[in-house]
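Chemist: Protein chains in written order, with the working numbering: chain A, 1 to 163; chain B, 1 to 741.
Be aware that a few hints might be false.
[Claimed, not checked] Which residues of chain A face chain B? A few of them, derived with a C-beta cut under 8 Å, are: (1) G18; (2) C53; (3) T81; (4) V83; (5) Q88; (6) F99; (7) D103; (8) H126.
No lab work stands behind these hints, which were simulated from the structure alone.
Keep in mind it's a predicted model, so treat the numbers as computed, not measured.
Heads up, the beta-carbon is just placed ideally off N, CA and C, and yes, glycines get one too.
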Amino acid sequence: MPPTGFSPNLTVNLAVNGAQQAVTVDVRSSLLDLLREQLHLTGAKKGCNHGSCGACTVLIDGRRVLSCLTLAATCDGAAVTTVEGLAQEGGLHPLQAAFIEHDAFQCGYCTPGQLVSGVACIAEGHTGSLQETREWMSGNICRCGAYPGIVAAVCNVARKLES
Amino acid sequence: MSQGSVGKPMDRVDGMLKVTGRAKYAAEHVLPNLAHAVIVTSTVAKGQVILLDANAARCAAGVIAVISHLNAPKLPYREHKSPLDPAGERLHVLQDDAVLFNGQPIAIVVAETLDQAEYAASLVRAEYASKTPSLDFVGALGHAVMPDVSRVPNSPFPASTCRGDPELALAKADVKIDAEYLIPRQQHNPIEPHATIAQWEGDQLTLWDKTQWVVNVRNELAAIFGLSPDNVHVISPFVGGAFGTTLRAWSHVTLSALAAKYVGRPVKLVLTRRQMYSQTGYRPETWQRVTIGASYNGRLSAIVHRAVAETSNYEQYVDRVVDSSRFLHSCPNVATHYAILPLDVHTPVYMRAPGTASGIFALECAMDELAYELQMDPVALRLLNEPARDESVNLPFSSRSTRECYRLGSEHFGWAARKPEPRSMRDGRWLIGWGMATSVYHTICGRAEARVRLFADGHAEVESAASDMGPGTYTSMTQVASDTLGIRPECVRFSLGDSTFPYASPHGGSLTMASVGSAVYRACMTARAKILALLHADARSPLRGASLDIIDATDGRLFLRANQSCGERYQEIFERHGLDVLEVTEMMQPGDEQHQYSMKAFGALFAEVGVDRDLGIIQVRRMVGVYAAGRIVNPKMARSQLISGMVGGIGMALMEHTITDRQSGCIVNADLANYLVPVNADIGALEPFFVEESDPHVNPLGVKGVGELALVGVAPAIANAIFHATGKRIREFPITADKLI
Numbered sequence: 001m002p003p004t005g006f007s008p009n010l011t012v013n014l015a016v017n018g019a020q021q022a023v024t025v026d027v028r029s030s031l032l033d034l035l036r037e038q039l040h041l042t043g044a045k046k047g048c049n050h051g052s053c054g055a056c057t058v059l060i061d062g063r064r065v066l067s068c069l070t071l072a073a074t075c076d077g078a079a080v081t082t083v084e085g086l087a088q089e090g091g092l093h094p095l096q097a098a099f100i101e102h103d104a105f106q107c108g109y110c111t112p113g114q115l116v117s118g119v120a121c122i123a124e125g126h127t128g129s130l131q132e133t134r135e136w137m138s139g140n141i142c143r144c145g146a147y148p149g150i151v152a153a154v155c156n157v158a159r160k161l162e163s
Numbered sequence: 001m002s003q004g005s006v007g008k009p010m011d012r013v014d015g016m017l018k019v020t021g022r023a024k025y026a027a028e029h030v031l032p033n034l035a036h037a038v039i040v041t042s043t044v045a046k047g048q049v050i051l052l053d054a055n056a057a058r059c060a061a062g063v064i065a066v067i068s069h070l071n072a073p074k075l076p077y078r079e080h081k082s083p084l085d086p087a088g089e090r091l092h093v094l095q096d097d098a099v100l101f102n103g104q105p106i107a108i109v110v111a112e113t114l115d116q117a118e119y120a121a122s123l124v125r126a127e128y129a130s131k132t133p134s135l136d137f138v139g140a141l142g143h144a145v146m147p148d149v150s151r152v153p154n155s156p157f158p159a160s161t162c163r164g165d166p167e168l169a170l171a172k173a174d175v176k177i178d179a180e181y182l183i184p185r186q187q188h189n190p191i192e193p194h195a196t197i198a199q200w201e202g203d204q205l206t207l208w209d210k211t212q213w214v215v216n217v218r219n220e221l222a223a224i225f226g227l228s229p230d231n232v233h234v235i236s237p238f239v240g241g242a243f244g245t246t247l248r249a250w251s252h253v254t255l256s257a258l259a260a261k262y263v264g265r266p267v268k269l270v271l272t273r274r275q276m277y278s279q280t281g282y283r284p285e286t287w288q289r290v291t292i293g294a295s296y297n298g299r300l301s302a303i304v305h306r307a308v309a310e311t312s313n314y315e316q317y318v319d320r321v322v323d324s325s326r327f328l329h330s331c332p333n334v335a336t337h338y339a340i341l342p343l344d345v346h347t348p349v350y351m352r353a354p355g356t357a358s359g360i361f362a363l364e365c366a367m368d369e370l371a372y373e374l375q376m377d378p379v380a381l382r383l384l385n386e387p388a389r390d391e392s393v394n395l396p397f398s399s400r401s402t403r404e405c406y407r408l409g410s411e412h413f414g415w416a417a418r419k420p421e422p423r424s425m426r427d428g429r430w431l432i433g434w435g436m437a438t439s440v441y442h443t444i445c446g447r448a449e450a451r452v453r454l455f456a457d458g459h460a461e462v463e464s465a466a467s468d469m470g471p472g473t474y475t476s477m478t479q480v481a482s483d484t485l486g487i488r489p490e491c492v493r494f495s496l497g498d499s500t501f502p503y504a505s506p507h508g509g510s511l512t513m514a515s516v517g518s519a520v521y522r523a524c525m526t527a528r529a530k531i532l533a534l535l536h537a538d539a540r541s542p543l544r545g546a547s548l549d550i551i552d553a554t555d556g557r558l559f560l561r562a563n564q565s566c567g568e569r570y571q572e573i574f575e576r577h578g579l580d581v582l583e584v585t586e587m588m589q590p591g592d593e594q595h596q597y598s599m600k601a602f603g604a605l606f607a608e609v610g611v612d613r614d615l616g617i618i619q620v621r622r623m624v625g626v627y628a629a630g631r632i633v634n635p636k637m638a639r640s641q642l643i644s645g646m647v648g649g650i651g652m653a654l655m656e657h658t659i660t661d662r663q664s665g666c667i668v669n670a671d672l673a674n675y676l677v678p679v680n681a682d683i684g685a686l687e688p689f690f691v692e693e694s695d696p697h698v699n700p701l702g703v704k705g706v707g708e709l710a711l712v713g714v715a716p717a718i719a720n721a722i723f724h725a726t727g728k729r730i731r732e733f734p735i736t737a738d739k740l741i
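My request is simple: use the sequences and hints to build the entire structure.
Modeler: The following block contains the structure:
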């Protein structure tokens with residue numbers, strides 16, 4: 001139990017989807033809870049809160065991370081990208097458009113994590129084959145089972161970006 | 001209906017919201033002054049709470065209240081049962097010291113922030129007077145009982161049925177199969193956890209809730225709090241997967257409302273993944289025994305199908321485990337027995353294709369065993385025993401295209417190249433197996449209402465208290481309204497998930513398209529008829545005196561089907577008659593057709609597995625499924641549902657297994673790291689196909705629904721393929737490598 005009068009808060013400077021901000025966070029808070037409960041950016045989803053499902057996937061400095069396992073306090077100086085930050089200039093990111101085209105979701109709850117993971121998967125160069133893409137997209141569970149559409153969307157966008 | 005978007009693979013109308021993160025799920029509604037609640041749960045399965053020490057929690061920073069049976073208000077818990085609720089009495093949460101299962105809520109902590117509530121919840125200490133629980137399903141099979149509901153006349157779930165003389169027929173049969181099958185408890189595990197935000201304004205309760213049935217949550221919460229249903233408003237525009245788990249209002253919904261009332265502030269309550277395993281339902285653990293008798297030429301002479309499924313000690317959950325055995329294959333002598341086994345657990349609930357998916361596993365594996373015994377091809381065995389009518393109720397099928405499913409499935413899969421001997425097909429170190437099974441799900445239609453408002457500018461708003469947990473209700477209803485009104489899909493706004501909208505049956509059992517879709521269709525047709533009534537004596541209208549059956553509409557314009565140039569736009573009609581909006585509410589309810597026809601959707605599943613000859617690792621390399629489900633409103637989304645069922649079936653057959661500690665009742669793998677579900681790497685080529693089927697009897701739209709059908713038959717097709725690959729008949733799910741080596 002913390003001693004009386006202990007203030008478990010600290011200030012973190014971070015950029016979320018390009019917007020630089022200073023936020024006061026509870027030292028126990030995950031980046032996911034900071035995004036959802038404090039900043040009301042609910043695109044990143046809480047599915048398991050244990051790093052098992054991938055619904056909370058965001059980019060930190062371009063790398064995909066599980067925001068439920070990332071302490072907000074460690075994000076000082078970080079550039080965080082959530083699904084809300086993928087779209088460019090009012091349009092959709094090509095992968096967002098491809099998800100709609102390939103019906104790569106049903107309920108839509110894992111979708112933000114799949115999209116962020118997919119964007120990173122393409123950037124990492126892990127889309128050489130269907131099998132490779134499946135392997136590198138396996139950290140994101142889709143309980144509706146939209147996997148074939150997800151892989152088709154990721155691979156198609158990867159091919160388009162290559163050419 | 002005019003030819004338009006129905007039948008076309010239209011993109012989801014809510015796709016944009018879902019891919020941009022703007023779709024708002026239950027826990028995501030922002031309210032001022034919102035407090036956060038976290039549940040504390042029991043750690044024993046049976047007994048009483050004798051001490052609940054909340055002092056440390058109450059003193060922790062940010063804590064507003066700790067509520068337990070010691071200080072919770074007594075709630076009226078008026079009698080209320082939806083048609084889906086089981087016999088017995090629901091859990092009365094925080095009303096006394098009794099512990100009925102491990103993981104039961106015993107306290108709730110409310111704090112300013114989630115972190116504060118979580119920390120304080122960890123400080124609550126409880127002690128119990130614990131009793132020895134009954135938790136060993138297989139060990140207690142002898143204590144199974146007949147469910148009460150099936151003693152009620154005309155119950156849809158008769159516990160025991162018999163036609164002919166199965167025992168005599170079995171005694172005389174040339175060939176007999178007698179086998180037992182086990183399915184462990186399985187969890188829905190939608191990725192969105194159950195969540196509720198509750199807000200009181202006086203005696204008016206508003207709930208933002210994850211639910212497949214807003215109307216039922218309204219009625220149930222009104223009963224629990226002793227309110228009129230008008231005082232409860234339930235809002236649920238997006239549901240992040242459900243598969244049946246939100247067909248009841250579980251105790252956390254009550255807890256959120258109770259906490260909000262207690263602290264006088266809106267409260268958000270989200271279950272943890274672990275809590276989902278013990279506070280919401282599941283597919284029950286099920287034991288089955290199937291005995292089949294046949295002649296040497298492959299004709300079935302007897303089927304006896306017995307099942308026992310777990311339930312709680314306070315409610316009797318029942319489903320259709322044995323039902324399909326009565327009609328799927330032609331057989332003169334059939335007996336089915338269904339019993340339940342009450343344990344010190346919480347109550348199961350409908351999970352995708354409830355009962356049917358479990359029962360078909362046993363029946364279709366037993367049929368495969370029979371095919372080997374007879375040295376017959378499994379498809380040929382089924383074709384030989386194809387019934388001409390539903391022998392269980394002696395009615396014709398409204399439509400049944402199983403032969404076409406078998407034929408097309410065999411063709412697409414390449415079944416003719418199958419070598420029947422087990423272990424006869426190889427790919428390097430992989431033993432290859434091909435297996436198949438039949439799929440079936442009964443077509444349900446429930447009462448549903450829809451309200452249509454057609455505006456002068458030619459756009460329409462359509463509302464029903466329906467839900468969309470993923471199949472695409474928003475989109476398919478938009479298509480039906482668009483075609484029926486003859487306006488472009490962009491001109492339709494369909495809204496759902498609000499208990500103040502016209503009534504809809506539960507979003508489950510694949511009945512939404514048939515029920516809500518038919519209501520939308522009727523409401524739109526009535527709107528058209530009302531417009532024609534306006535024009536009946538309108539000398540200025542080119543459509544004056546025209547009747548509904550000679551009229552068509554597209555792009556906001558009504559015209560004569562025989563002469564398209566003769567017509568006028570809605571806008572012109574509305575302006576001339578001084579109308580801003582035309583409002584119509586219509587209802588769909590099932591008629592007499594259920595007594596005239598047996599209404600079911602069918603399918604055939606074909607699976608190829610590879611099994612590592614030394615390690616027993618199983619890969620589902622490819623699956624072909626062919627389905628006959630009446631009219632398909634949106635083939636793109638229907639295809640997604642069928643693929644979804646195949647993925648779910650792979651989980652059911654090879655991975656999913658809720659493990660309960662038989663001493664404490666603790667679920668030991670209550671997370672997504674240890675309760676395995678399929679991930680992308682587990683999925684091979686999945687190919688669904690449709691058989692063209694026109695069924696004029698089922699409902700006005702001619703749809704049968706595919707959500708449940710999609711899961712049925714997948715797991716047995718895989719199990720049968722594994723036998724073909726390895727020669728090992730595994731009759732217990734999940735089929736894992738250790739069972740094959």
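Chemist: Need the list of violated hint numbers for this structure, in ascending order.
Modeler: 1, 3, 5 and 8
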